[in-house]
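Same order as they appear, the protein sequences are chains A and B.
So in UniProt numbering, spot 225 of the first sequence is number 225, and the numbers just go up one at a time.
So in UniProt numbering, spot 481 of the second sequence is number 481, and the numbers just go up one at a time.
Incorrect hints may have been included.
Claimed, not checked - Cross-link-like lysine to any residue pairs, in silico, SDA-like; alpha carbons within 25 Å at most:
| id | chain 1 | residue 1 | chain 2 | residue 2 |
| --- | --- | --- | --- | --- |
| 1 | B | K188 | B | L170 |
| 2 | B | K398 | A | K219 |
| 3 | B | K398 | A | W104 |
| 4 | A | K200 | B | P502 |
| 5 | A | K175 | B | N352 |
| 6 | A | K219 | B | L170 |
| 7 | B | K398 | A | R118 |
| 8 | A | K200 | B | A350 |
| 9 | A | K175 | B | P401 |
| 10 | A | K175 | B | K398 |
| 11 | A | K175 | B | D323 |
| 12 | A | K200 | B | L419 |
| 13 | A | K200 | B | N352 |
| 14 | B | K398 | A | T110 |
Said to hold, decoys possible - Taking CB as the label site, the calculated pair distances span:
| id | chain 1 | residue 1 | chain 2 | residue 2 | range |
| --- | --- | --- | --- | --- | --- |
| 15 | B | A255 | A | T290 | 44 to 50 Å |
| 16 | B | F129 | A | Y67 | 32 to 38 Å |
| 17 | A | P116 | B | G24 | 54 to 60 Å |
| 18 | A | Q29 | B | F129 | 29 to 35 Å |
| 19 | B | L27 | A | E207 | 55 to 61 Å |
If you're looking for bench data, these hints aren't it; they were derived computationally from the structure.
In this text, a Cβ means the ideal position worked out from N, Cα and C, and glycines have one as well.
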Amino acid sequence: MPWLSTLMAVPVVGAVGVSLVKSDKLAKQLALVVSLVVLVLTAVMAFRFDPALGAAKETRFQFAEVYDWIPAFGVHYGVGVDGIALVLIALSVILVPIVILASWHDADGTGAAAPPRRSVKTYFALLLVLEAMMIGVFAATDVFLFYVFFEAMLIPMYFMIGSYGGAQRSYAAVKFLLYSLFGGLLMLVAVIALYVIAEKGTFMFPELVGVIQDPTTQKWLFLGFFIAFAVKAPLWPFHTWLPDAAAQAPAGAAVLLVGVLDKVGTYGMLRFCLELFPDAAKFFTPLVITLAVIGIIYGAIVAIGQTDMKRLIAYTSISHFGFIALGVFAMTTNAGAGATLYMVNHGFSTGALFLITGFLIYRRGSSQIADYGGVQKVAPVLAGTFLVAGLSGLSLPGLSTFVSEFMVLLGSYERYVVPTIIATTGVILAAVYILWMYQRTMNGPTAEKVKGLPDLDARERWVVGPLIVLIIALGFFPKPALDMINPAVDHTLSNVHISNVHVTPAVAEKKGAGQ
Amino acid sequence: MNGTTITAPTIEYALLAPMLIVFGAALVGVLVEAFAPRYLRKSIQMPLTLLALIGAFVTTVLTALNGLPERAAAMGAVAVDGPSLFIWGIILILAFVSALLINDDDQFVAQAAAVPGSVDEEEAVRSGFAQTEVYPLLLFAVGGMLLFPASNDLLAMFVALEVMSLPLYLLCGLARRRRLLSQEASVKYFLLGAFSSAFFLYGTALVYGYAGSVDLRAISEALGSVSGQQTLLLVGVALLGVGLLFKIGAAPFQAWKPDVYQGAPTAVTALMASTVLVAAFGALLRVFWVALGNLDWDWRPVMWGVAILTMIVGAILAITQTDIKRMLAYSSIAHAGFLLTGVIATGSAAQNSQSLSAVLFYMAAYGFTTVGAFAVVTMVRDAGGEAGHLSRWAGLGKRSPVLAGIFAFFLLAFAGIPLTSGFFGKYAVFTAAVGGGALPLVIVGVVSSAIAAFFYVRVIVLMFFNEPAADGPSIAAPSVGTSAVVALAAAATVVLGVFPQPVLTLADQAASALFIR
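With the rest of the complex left out, here is chain B (with noise of 0.2 Å):
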């Protein structure tokens, strides 16, 4: 201690404002909570978190304009380059999206810590008590998500991995219909995703037992120049890849997912389909790309693995499914494994760009379309709340026609037709596996996305070929936030499916650079 001076870390608070931004608001919210009139609490939070998320995607664009950074912030803890801003940009709007969504009434219990079908629960019914608290419960968990995938050591992202993670284990449990199977979803989520997140830190552990550092370069570095602990490495990156491949729910990983899916408020769903993913998949390819990246010969025969498992457990047993939600979620397990064989396709710096921008792509365009189909799903209701059961979606076309033809739309995006957004993501990643010397894998990919096409059309069928239930789901009339959602994100997947390139330009730029270590 003594003759040593210690330095002040140097922190480049402009590069980081848009985490600081969102952190910020997430305090004051709580704040709000404590100190704000019941009754004032919602008027308050709900345009906080607005404001605090529209402030860091303009933040965002601004760091973005001014040029890329040269090294990561922070003392080397955060990288703020071309890949992180992009997913910054994706996550910030699809969370201001589905804040939209979380805005409506309705969704939430009235209090969570009541008894499902209690007195209490009543009580807390009658006297109008709202869960308010999800707000900053939202914006802690997209904070979370920002330094994810941005996080350049090991220590950061664990740290951003729990400060993600536990915000959203308390958000599935507050639903406010079929109380039970939201418990349960939160119950089950908060158990295993503390079991991947010990996995995680303890392969953390065993790497920087390999490495002596947490650091992600500094891992890469001593790639070259430890010898002789093989094992420990190789057992802390199957560790780590455990917990990452946990968190975008990569088969034999996978199992969380429906359940989570189906028990938590949709909107809250809708929030972790999209953005999530998106987060989990920046830390996997930071973690695999500049930490392991000279390990590739070791890691990518398992990842060829989970791709071709996550893609087939994916479209075969969505095809069982019979609730909507539990549909979605495995259809998003199926996208997780096409996305991964984007992350596989290492090779030339080139070809590393032309990955990372397909990935970049797919993200933002499965995003939209996973927001939308959610917002759409939280309309379509009947007594007992949302109408989940599939048979329940017959003849919707003819009663909305309007409705359910967005919903044929954003189906037919997810099975990748073209003209819609996600073909040109499929078809993106699709090519950088192929230049990147992964045919099988693709061959894989798109018989699995011909089964996945099968559930998609059934959907349709239903909703358009079928006669419509007698006492069939009414469409509720959707709230302006809703609306918004639906149309923002039928929007983008038109949009992204017709003239692609700019976003296609946008994400090239943000990938030509790659990782910066």
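Next comes chain A alone, as it looks inside the complex (with noise of 0.2 Å):
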């Protein structure tokens, strides 16, 4: 059975019927109901997925399709899916249902801040679309095939910031499509010298790891294709279009934006930068290290002085990126497996920090935290979840982003000593921005407009009980998503040839620490 074809197919096909049905609540649980078949299949997926073959080449990747689309330009439809891309595959399908329930009245006009109606069928088609080629992204494993889905999924979710999001929509929109262009401009310059240099004829990933051997290339080709992530993930100095749009984006297309479309930034820094070119990964590691670095210290200063809950959030994750890409060039496993653990971590729990921003805001008309005060009072279930996806975003000990974080650092540290130690203020300074927004929104006397906001209702409570019972499970038992993640990364190492040290005592410490 062609897996990962079916996976893109069925939202695709529920694209188009939801926008083909009659009435606006038929479109939005044909939606769901499509979201959660996907669900259901990527489940069944995961679990025929054996981890084991990932060491060997020929069975890396796994559900592994393959079918000439344009051969004049040695273009195929390739796809599959090794360990890393599977994870990511499931964050992205789990997060799409909950956005679903989470997104149920954004479209409607009904919010407190008194949004304009719009079309709601257009919108929930959007997501199943923005679904489909999200998976279609991290199981390319034709470059070419992924840079087409790379640049086409800016689009559905231009529309969806520039249509459904808040009052500065249309600037925000046209940045973020802007910066990702052009990032993805300059990375289809690397793709087409890619392929001329290589003469290889084909865009199939595997044959072209280790082909370009000349260093001067290799700097030059490695720069295109990480400019290109750099923006999207987006790595400090390239950032500023992400605040922006994360704070107009409504809530559930922000969660897809930081939790999905931008880990497509660190997952390409992994699977492309690294294996295509590792001899100037190494050498501009330095570099991105200290970008790294500096993304996270800004990255959490400036989350301290935000007003806005949004944008706040949208600079926390800035800081986190500066994590993942620490770990993805620390290019030990501890710190590969740690920054893929912490993409998927990353994703829940800005996830859900994004979307019960989003349902207050849905209340209150307001995302500037002044506006607020005591929410604690009124509605304990909403903050109690926000303070534990707040605690999550500040890798609490016990809760998934934890192991992670954690991970990165141990990796990192076998090698950047420095780097690190600067890096871990970073964790301080999470709390600094977690802890006071929920005090000045939280506690405190409760605020005139405040009163009388009711708690979260039993759909909302459905869209965030799940993202706290993955980040809790997460945090006390990583280990399956470190079985998944841990042969791939090593395989992606090994084609970065670089020797590693303690690879398998790193599960038990970090098991140790979870608890």
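Put the complex together from the two separate chains, hints included.
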């Protein structure tokens, strides 16, 4: 059975169906059902996945399908997953039904901020199209196909921000699109040059690994790919589009933007930058690590200064992306596996934060921290889940993000002591921005306008519940995810030809730390 | 004279059939204008035009199926080779599509000779005059476009250039609304066009002086054998280049494009923006690759400069435009720059055929999208005719989501987003250019693509993210022809963006043997 193609086809067909049905309510229900079907299919696929096969070159990508697409350009429709891609696909397909449920009223125009009513069907159709593209971008084993998804997925997100976002939505949407497009076009040059220089006549990723040997060529091509990914991720100093886009996007779209789309950047660094251009990656490592550490500290400090909750969460993400990039470029198994797990955990934790903030904004009509206070008294469940999500954002031990952050820091410390020590201060700053935001919005005397705000209703509890469960479960028992990730990261690093120390003890260590 | 017998020239009528059909129909059209009563003219002209274009297309396909000739036809004057046939195919389809647009009522002036706003004009409008001469004019222009890229000697090419251009000068001046703008466009186009033709002719003369022949193959051979006349040759080549670059609207010869595109009736703009660009690129390729292929060390640096300038000028000036047609004109300039990167990417025979194939594919992709975009422009109207000003397009996505969606799709194709035809077009020429060692040019290309994306996206923002103006333009109920054009263009943009392989194969086949000499 062509698993991955099915996974992509189902949401696309679903999107067509959603845009054709007559009633808005039916469209929402259909979208939810479709996304749940995709989730179930992915779960079945994940159980059939055998991490042990990841070590061998031939079986590295499982569920592989390869068909000629454009023979004239050597382009294939090539999909397949290793452990890294699989967990990221899992992240995407888990988030989509949650986001659909959370966005139930986003396009209705019923929020307290009195957003104009817009086409409900279009919103949910765009969500499903985006889901198909998210699966495609992680599953692509053809560099060209990856590029096509990488660029094409901008379009549904662009319309979701621009049509359904806040007051500054069109500015934010255009900024988002142009930044990403610019990065993408630089990558296009590198993609073309890779094809021409490799002289393989194919874009299949496994055949391109290790082909480019010349160091100078590697450096230029690396930069072409890296800048695109650094804009996407985003790394400091390419980050300025993210706070605008995330703050203006509707909460659901912001979750997918920060939770999944940005991961394409860090995923791309791990998969393409490291494996295709290993020497250049080593050459640029000091630079990237510097940028990552600056991003960790800068994102955290600027987050502390924010007055808008969504912008604050966006800046915390810039700090977190710094950790992920640090983990990727530290090039140790611990750091690489930690970074991959970090991508997943960050998706859940930031997703929960964005969604709960979204519920709050839907009730009160403002995203300004100053407009809140004492929410804890009127809406205890909302405040409580917000606290758990926030604590996962500051990597409290026992929650999933702690495991990954610890692994990244541990793995980076093996190679880069000073940067890791500086990065660790980001953990302290995280406590400041999260707890201070919690204090200002949830504690204290209840603000006048906040009185009478309802607590989370059943639908909203179903949105937040699974995320909290995942955050706690992966915090105490990350093994299933790590079992998938570790062989894939090892394989990646073996292609980078880097000597590796401490592979096995790490798992025991961080498990102990998690408890 | 005495003693020499004049042998009759051999003419391969079968090979030239597409041109002969188009020109023949154009002549019949003139006779119709002269003899048929006024009320019948349109109902004769329209089918005649469409049938002629279909007939020419069918004969083009038949010629292609019969195998390509080894040598130029008509005593070496016309080269009916792979690239020519491919270009003919594109031109004929696009001309057919544009003819459907031209067929719409109410775009052309009732009587061109009447002074705008005069009693004469009112009289003409009242009595239901219609300028049905547009059909034969269209056919003459298309005939010229067929000959232009296929000409194998410079004189034939010059004649083709004039046959193509003169009807267009006239067509530009026939807009029913905003007549002064239209007439101004016509005069500007005529004056500048005549000027550039003069450059071309002068260049032909100088090159003849150097090579002793106007035949492209003979010029190519002379490059190796004639010495000491370098100045004559280089000046001649420069002048030829000016004439040709003017027609494609490359910077610094682009100034006419926005004015003419804006003033001309939109259906004629669609024709010019698609077919003329294709024909002119065909001619440019033939002159610079066939006749001057061995001189590429001399012309390539200049072409680099022209390509860079064209891409940047087109992309940057487009940002400042407030009129949709002017914006599309600047976008067309930028696209001419992208195409030039393919023209420059010469090298080995395999490299040349790859570049040629890329340029051919790009032209097919771009041509359809352009015609579609202008067709949409004809449908967005307010009281004064088409709503040209960009601010009038605000909120179009709310009023008619389907039309705005299709237009947004065309714009994304212009911007080169994957899964549209524009992406593969750009990808093909850029790959060819990287293969030809023009990496810096490609970098300039992608940077200007990013700049260009800004103004395409801005229109999408206007249409979808802004509230509609209270007295905004209405969407004219499209005629069957116009809807067919939009649908066809959208379909072509999707199909070439998702399954480009068949057309790429066709372009590869057309380009594999390169130009015959």
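Would you list, in rising numerical order, the hints stated earlier that this structure does not obey?
Going through the list in order, the structure violates hints 2, 5, 6, 16, 18 and respects the others.
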